[in-house]
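Residue numbers (the numbering used here), protein chains in the order written: chain G, 1 to 247; chain H, 1 to 446.
Treat the hints with caution; some may be incorrect.
Unchecked claim - Among chain H residues calculated to face chain G with C-beta under 7 Å, some are:
id, residue
1, Cys-372
2, Ala-385
3, Gly-393
4, Asp-397
5, Arg-409
Unchecked claim - Calculated lysine-lysine pairs in the DSSO-like style (CA-CA distance at most 30 Å, straight line):
id, chain 1, residue 1, chain 2, residue 2
6, H, Lys-430, G, Lys-5
7, H, Lys-360, G, Lys-108
8, G, Lys-52, H, Lys-396
9, H, Lys-396, G, Lys-63
10, G, Lys-18, G, Lys-190
11, G, Lys-52, H, Lys-400
12, G, Lys-108, H, Lys-396
13, G, Lys-122, H, Lys-430
14, H, Lys-430, G, Lys-108
15, G, Lys-108, G, Lys-190
16, G, Lys-122, H, Lys-400
17, G, Lys-212, G, Lys-25
18, G, Lys-52, G, Lys-122
19, H, Lys-238, G, Lys-14
20, H, Lys-396, G, Lys-122
21, H, Lys-101, H, Lys-238
Please keep in mind that the hints were generated in silico from the structure rather than gathered at the bench.
Only a predicted model underlies this, so the values are computations on that prediction, with no experimental measurement involved.
Glycine residues also receive a C-beta, built at the ideal position from the N, C-alpha and C atoms.
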Amino acid sequence: MLEIKNLHAIVEEKEILKGINLDVKPGEIHAVMGPNGSGKSTLASVLAGNPKFEVTRGSILFKGNDLLEMEPEDRAREGLFLSFQYPVEIPGVSMVNFMRAAVNEQRKYRGEEPISASDFLKLMRDKRELLGIDSNLVSRSVNEGFSGGEKKKNEIFQMAMLNPQLSILDETDSGLDIDALRVVAQGVNKLQTKENATIVITHYQRLLEYIKPDHVHVLYAGRIIRSGGPDLALELEKRGYDWLINP
Amino acid sequence: MIEQQYKDLFQQFRSELDANSVEGLNRHRDSAFDRFQQIGFPTSREEDYKHSNVARVFDTDLGLNLRNIPMPVNPYDTFKCDVPNLSTHLYFLINDRYYDKTLANDPLPDGVFVGSLQRFSEDYPDIFNANYGQIADYSDNGVVAYNTMFAQDGFVVYVPKNVTVEKPLQLINILRGGVDLNVNRRLLIIAEENAQVKLLVCDHAVDDVHFVVTQVTEVSAAAHAQVDVYELEENSSKVTRLNNLFSEQMEHSHVATSAITLHNGYTRNNYRFRILGEHAHVDAGGLAICDGSQHIDNFAFLDHAVPNCTSNELFKTVLDDRATGVFCGKILVEKDAQKTQAYQNNRNLLASSTAQMFSKPQLEIYADDVKCSHGLTTGQLDEEALFYMRARGIDKDEAKLLLMVAFTRDVVDLVRIDTLQDRLAMLIEKRFRGELMRCGNCNVCK
């Protein structure tokens with residue numbers, strides 16, 4: 001579903017990604033781990049199409065299409081979803097209007113009719129219940145006044161609403177307590193199917209107790225320096241990153 | 001000099017002026033004329049008019065309907081205001097004249113007078129004389145002096161002691177003319193002790209000529225009174241609107257004003273609030289959405305003369321293309337006004353690189369136990385928020401629109417008429433989409 005080849009990317013003249021190669025197939029969960037500053041969030045931003053980041057070399061194919069040629073909104077409509085590390089607050093834009101606009105954009109892109117008001121409310125209710133999310137989270141402006149945990153839950157809620165094919169979770173566990181972590185992880189697991197795929201970007205192994213990856217990659221200084229199975233995450237938990245960086 | 005033609009006009013047609021008005025208004029003309037001769041129209045050499053050369057606006061040939069030649073118009077037929085079906089008591093001013101064929105509204109509470117300024121001055125001379133020309137001050141304002149010289153009629157809202165007018169009043173100011181026209185309107189809003197009233201004023205120009213409108217509104221709120229004045233401007237780009245609102249309020253009163261300009265040509269709003277009694281409160285809001293080469297200048301002067309009062313100003317501007325916005329917020333906290341709390345907030349959004357905003361907070365604080373703050377930002381849309389929305393599939397233009405509408409939310413929230421709030425939110429969105437509804441036959445707004 002996703003083929004990243006030799007990806008180099010810069011931000012403000014500084015090269016952060018120095019040749020990433022990654023293949024993600026439907027049904028898979030990939031964990032991308034690494035110390036701070038290794039380029040994990042940059043990778044997420046580049047995949048989502050953040051204009052602050054410039055790709056200087058390499059290619060990314062998403063479902064066979066050239067992702068780098070696509071505007072951020074088209075990538076989302078094609079089924080790519082980024083759960084932000086620091087979701088921004090948008091006072092004055094209600095969650096309801098925001099989600100309905102997003103859902104309808106997808107439907108329009110696929111040649112479908114816009115969702116009816118009652119169907120939309122039902123969809124929101126169903127997804128809330130699925131994830132165990134409080135109704136007051138969706139009756140306000142986007143992320144306004146939300147705690148860190150609430151923001152992350154809101155990201156997963158949006159993921160449920162948009163039903164993406166490739167989800168990228170950028171440090172979804174940062175700033176969460178154990179209970180919030182569990183809710184978020186359960187949500188992600190519930191949304192998982194054989195057709196979609198997830199890239200979990202995380203610093204700690206903790207989230208991977210709940211979201212079990214098929215493949216684990218270690219990103220350091222803009223390159224993937226080791227890939228392995230779920231055991232690699234356990235090893236990192238025990239030994240840290242140092243043994244890989246300074247062998 | 002620009003003023004000369006108007007001085008000549010005044011002197012030449014003085015008898016017509018008086019004959020088509022009433023004594024209550026006529027007796028103010030001489031001293032207003034004296035003052036006008038001394039100060040003239042404001043020019044950009046004056047600090048408070050630095051970005052709005054009002055004098056220049058009068059440097060053109062304008063007709064003046066001194067003889068009150070009636071305008072053939074039935075506002076109910078020819079006009080459909082953008083805020084219809086609001087449950088309000090509805091009235092019209094055709095240029096400066098009260099439209100006396102207004103269809104019967106629901107009855108107003110006993111003692112309430114809503115209608116023509118001329119009529120009010122004749123039926124309630126004492127109250128009229130105690131207020132008309134007493135709250136407005138033309139000593140430093142040539143436009144107010146000019147208006148006092150030439151105003152012949154207007155609109156009055158009078159609410160006696162302890163009376164609450166439940167339904168909002170709505171005044172539709174219609175500008176009609178076959179030639180370029182100067183119109184001078186007066187509004188008088190008097191709320192006695194513990195009275196409550198809300199007034200919505202909608203400005204619309206119906207004809208495709210150049211209008212220069214001066215308006216002076218005097219608001220008197222007695223102790224414990226509550227007065228809300230909301231102004232909605234949807235004029236063509238050929239309208240110059242010079243609006244002056246003067247308010248004086250006594251203890252425990254609440255005055256709330258909000259001026260929303262959705263479409264205009266050239267607008268200068270002057271506000272002067274004087275808080276004369278303790279534990280009183282002012283909310284002053286403003287929102288202007290301008291593009292093309294539209295011009296909006298909001299000038300607010302708030303005088304805290306006594307202790308324990310609070311005020312809150314929120315003025316926002318959205319500018320696109322080559323539009324110009326100006327804001328000056330003067331707050332004076334006098335020496336004895338201890339425990340004053342005054343908050344001023346001016347936020348401006350520039351949607352193009354050619355739009356310009358000039359903003360100046362001015363706080364003069366002479367008391368030492370007060371809480372005053374001012375906040376001012378002029379900037380562009382939040383890039384992070386834009387990207388967040390695009391990352392959810394919302395395209396760039398739609399995301400910008402959602403953010404611009406969100407920007408206006410808190411000013412709209414200040415309007416204390418719920419149905420109007422909803423209507424405004426819808427109108428604002430239409431404005432951003434370039435779909436502002438035409439007012440009946442008006443096809444000037446493009």
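Hints, one by one, checked against the model:
1. Hint status for Cys-372 (chain H) relative to chain G: violated, with the closest Cβ pair at about 24 Å, above 7 Å.
2. A cut of 7 Å between beta carbons decides the hint on Ala-385 (chain H): the least distance to chain G is about 5 Å, and the hint holds.
3. Annotation: Gly-393 (chain H) was flagged as interfacial toward chain G, and the flag holds, the nearest CB pair being 4 Å apart, inside 7 Å.
4. Restraint check, Asp-397 (chain H) versus chain G: the minimum CB separation of about 10 Å is more than 7 Å; hint violated.
5. The closest approach between the C-beta of Arg-409 (chain H) and any C-beta of chain G is roughly 4 Å, which is under the 7 Å cut-off, so the hint is satisfied.
6. For the given pair, Lys-430 (chain H) sits about 46 Å from Lys-5 (chain G) by alpha-carbon distance, which is inconsistent with the 30 Å threshold.
7. A C-alpha spacing of about 46 Å is found between Lys-360 (chain H) and Lys-108 (chain G), which places the hinted pair above 30 Å, so the restraint is violated.
8. For a cut-off of 30 Å, the pair hint linking Lys-52 (chain G) to Lys-396 (chain H) stands: about 15 Å separates their Cα positions.
9. The hinted pair formed by Lys-396 (chain H) and Lys-63 (chain G) meets the criterion: a straight-line CA distance of about 24 Å does not exceed 30 Å.
10. At most 30 Å may separate the alpha-carbon atoms for a hinted pair to count; Lys-18 (chain G) and Lys-190 (chain G) exceed this at roughly 34 Å.
11. Straight-line distance between C-alpha atoms of Lys-52 (chain G) and Lys-400 (chain H) comes to about 18 Å, which keeps the hinted pair within the 30 Å bound.
12. Note on Lys-108 (chain G) and Lys-396 (chain H): the hinted pairing holds, with a Cα-Cα distance of about 16 Å set against a maximum of 30 Å.
13. Between the alpha carbons of Lys-122 (chain G) and Lys-430 (chain H) the distance comes to roughly 28 Å, so the proposed pair stays at or under 30 Å and holds.
14. Restraint check: the Cα-Cα separation between Lys-430 (chain H) and Lys-108 (chain G) comes to about 22 Å, which is no more than 30 Å; the hinted pair holds.
15. Only pairs whose Cα atoms come within 30 Å are accepted, and Lys-108 (chain G) paired with Lys-190 (chain G) is accepted, the gap being roughly 26 Å.
16. Note on Lys-122 (chain G) and Lys-400 (chain H): the hinted pairing holds, with a Cα-Cα distance of about 28 Å set against a maximum of 30 Å.
17. This hinted pair checks out: Lys-212 (chain G) and Lys-25 (chain G) have alpha carbons roughly 16 Å apart, not beyond 30 Å.
18. Of the supplied pair hints, the one linking Lys-52 (chain G) and Lys-122 (chain G) is violated, its CA atoms being roughly 37 Å apart against a limit of 30 Å.
19. Only pairs whose Cα atoms come within 30 Å are accepted, and Lys-238 (chain H) paired with Lys-14 (chain G) is rejected, the gap being roughly 52 Å.
20. Under the criterion of a C-alpha separation no larger than 30 Å, the hint pairing Lys-396 (chain H) with Lys-122 (chain G) is consistent with the structure, at around 28 Å.
21. Taken as a hint, the Lys-101 (chain H) and Lys-238 (chain H) pair is honoured in the structure, with Cα atoms around 28 Å apart against an allowance of 30 Å.
Comparing the model with each earlier hint shows violations of hints 1, 4, 6, 7, 10, 18 and 19; every other hint is respected.
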